[in-house]
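*Asks:* Each chain is listed here by its residues.
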Amino acid sequence: MRKKSVELTVLNPRGMVEAKSAFAPNPRVKDLAGKRVGLYSNGKPGMDNFYTVFEELLKKKYPTVTVKVLTGSFEITDKDAKDWSPQIDTFVYAVGD
Amino acid sequence: MAGTVKLEKLGKPGVFINCDTFDDDAKSAAADNGMPTVRRRIVKSSEFYKLRGTVKDVRPLVEKVFDDIIAALTVPLTPAEANPPGAKQADDGPTEITVTGESFPEAIEELNTQFLEKHWSDGLPLVPPTPERVRWMLAGTARAPHEVIGRVNPKQGLATIEKIAINAVMAGAKPEYLPVIIAAMEALTDEYYDDLHILVSAGSFSLIIVVGGPIADEINMNSGIGFLGHGWRANNTVGRAVRLSTLNIGKMWPGANDMGLTGRVSPHTFYTFAENARQSPWPPYHASRGFKATDSTVTVATIGGSSPMQNFYGGMIGTWTAQGVLDNMVNDIIRTDRGLFGLWGAKGVGQYPGSGVGARSHLIVLFPELAEELKKMGFDQTSLQDEIYKRTCVRYEELSPADRRGIQTGIETGVVPAERKAVFQEALKPGGMVPVLITPENLHFFVAGGAPGCAFSFSYFRLPPYNRIAILTKLVTGATLTKAGSIE
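Residue numbers (our numbering), protein chains in the order written: chain A, 635 to 731; chain B, 69 to 556.
Incorrect hints may appear among the rest.
Subject to a maximum C-alpha distance of 27 Å in a straight line, what follows is the list of computed DSSO-like cross-link-like pairs (lysine-lysine) [said to hold, decoys possible]:
1. B:K124 x A:K702
2. B:K458 x A:K678
3. A:K654 x A:K669
4. B:K77 x B:K415
5. A:K702 x B:K132
Calculated from the structure, these hints are not laboratory results.
Computed from a predicted model, the values in this text were never measured in an experiment.
Isolated chain A, as found in the complex (with noise of 0.2 Å):
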């Protein structure tokens, strides 16, 4: 193929971002019988119909099962997140978005 007859050379407009290590999720549990699980949103309108649900569903297949609710901020605040989490065995975390 014929080279076009004009190059233009142009430099990156993109900023540089670092490396970040990568960490992995948790193992699963393996079973929910029993287990405490934790129903955690920002309280946008909708999502506690959307856990009412879901928390019926989820006594009637696991009936020894504990739900824990937690509405707090978009993205948990420190102190919930370190307050909540020995509450829960496994948790189940929505915004609404």
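Position chain B against the provided structure of chain A, taking the given hints into account.
*Replies:* For chain B alone, coordinates are given in the frame of chain A:
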């Protein structure tokens, strides 16, 4: 997503639920937060937002995704999930890129096509950032090209003087504007400025960039009639350079990780203008922020989204008086802010009480004639703050129980800062007058426009959701082509 990763890092296995519209955003945020393989499950936006209103309506949707969510909590991680690749430096190609064409116009068209395809453009034609043109741009500052001034969200890209200069070339800026653009980027990337909310939030928030001091005239910025409009290269390209710098250094894209639902009004240039120092009877805004009146500065501030301005009038359609415009300001602030008392008690969208919700700040733009008339009435900026603050107080007896609870909770949780607590405790009793503004300093006045002019304001949360501040002024430094801003 950050919250899910935070709980995972505390040892709890979980799942993040997001709508399909936000899936690219969630994926991107997972990587940004150092856990690219965090478990996610998706519900359809087309179903969730319509059905979520009642338990009855949302039930079929929950039933549909229930087993999938349970699986996310119980099915063992795959090897790929358990061994995520370390985040590498974003691969955005070589430092130099060559495009070709049969002619310069064709090569430039090819450049614009490629950059837009890669999401490196704002959609308007770009000036090619050739090495020569970038050197020309860098001649506007004495600062070193590889100096890092900060990091741009959401990817925390490193903002160097050189990268800002490349984007300034693309925006069509001139070298003498570069120190102003750098100052704006220094404000946005300040460790306490909430650039994340303005740049990517679904609320389509926007930015004002106000240039104060003598550099505005030296680079020929418009501060008179039409100051927010087109036709002034400095106004338009300073803002565009900030737009392109944030887009390319922070690496965001509409619908991918910039989830502004309506897009931003004035998306290519933000709201960039200069204070009209020549006609203002008062010291410039930055004098109230600890700078000398003779300094040149840039103030950036986050403002509301799809309908960002409140109009207080003036102008030439009807007659006006300074008292009448002042009354309009007072009435507008009472109307909009008194309904927020209940939210003073909210937990906050972000990490601390009151963040991203409740009490607001107001950035009020006054036209020179109005400022002159207000001065004749005896006001300077400080006494005008006090006047509006006092007149926007609400009688205790007019507050609802929810209003009172909200304010009381705000006092207890620190939404009302310690130095203001006594004021609100005193006000929150029979016969008291309760301010809708936490402090008079939540009013910011800029003088811009011509004669006739029009007064208006932008408003935003007093406390942003993801960091500490949403308005910040920075000194212009390192200028080599203007007298102003040339002294470090």
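*Asks:* Indicate, hint by hint, whether the structure satisfies it.
*Replies:* Evaluation of the provided hints:
At most 27 Å may separate the alpha-carbon atoms for a hinted pair to count; B:K124 and A:K702 meet this at roughly 22 Å. A distance of roughly 34 Å separates the Cα atoms of B:K458 and A:K678; the hinted pair therefore is violated under the 27 Å criterion. Simply put, A:K654 and A:K669 have alpha-carbon atoms about 33 Å apart, too far for the 27 Å limit, and the pair is violated. In summary, the hint linking B:K77 to B:K415 is supported, as the alpha carbons are separated by about 23 Å, within the 27 Å threshold.
Proposed proximity of A:K702 and B:K132 is supported: the alpha carbons are some 22 Å apart, at most 27 Å.
Consistency with the previously given hints fails for numbers 2, 3, ordered from lowest to highest.
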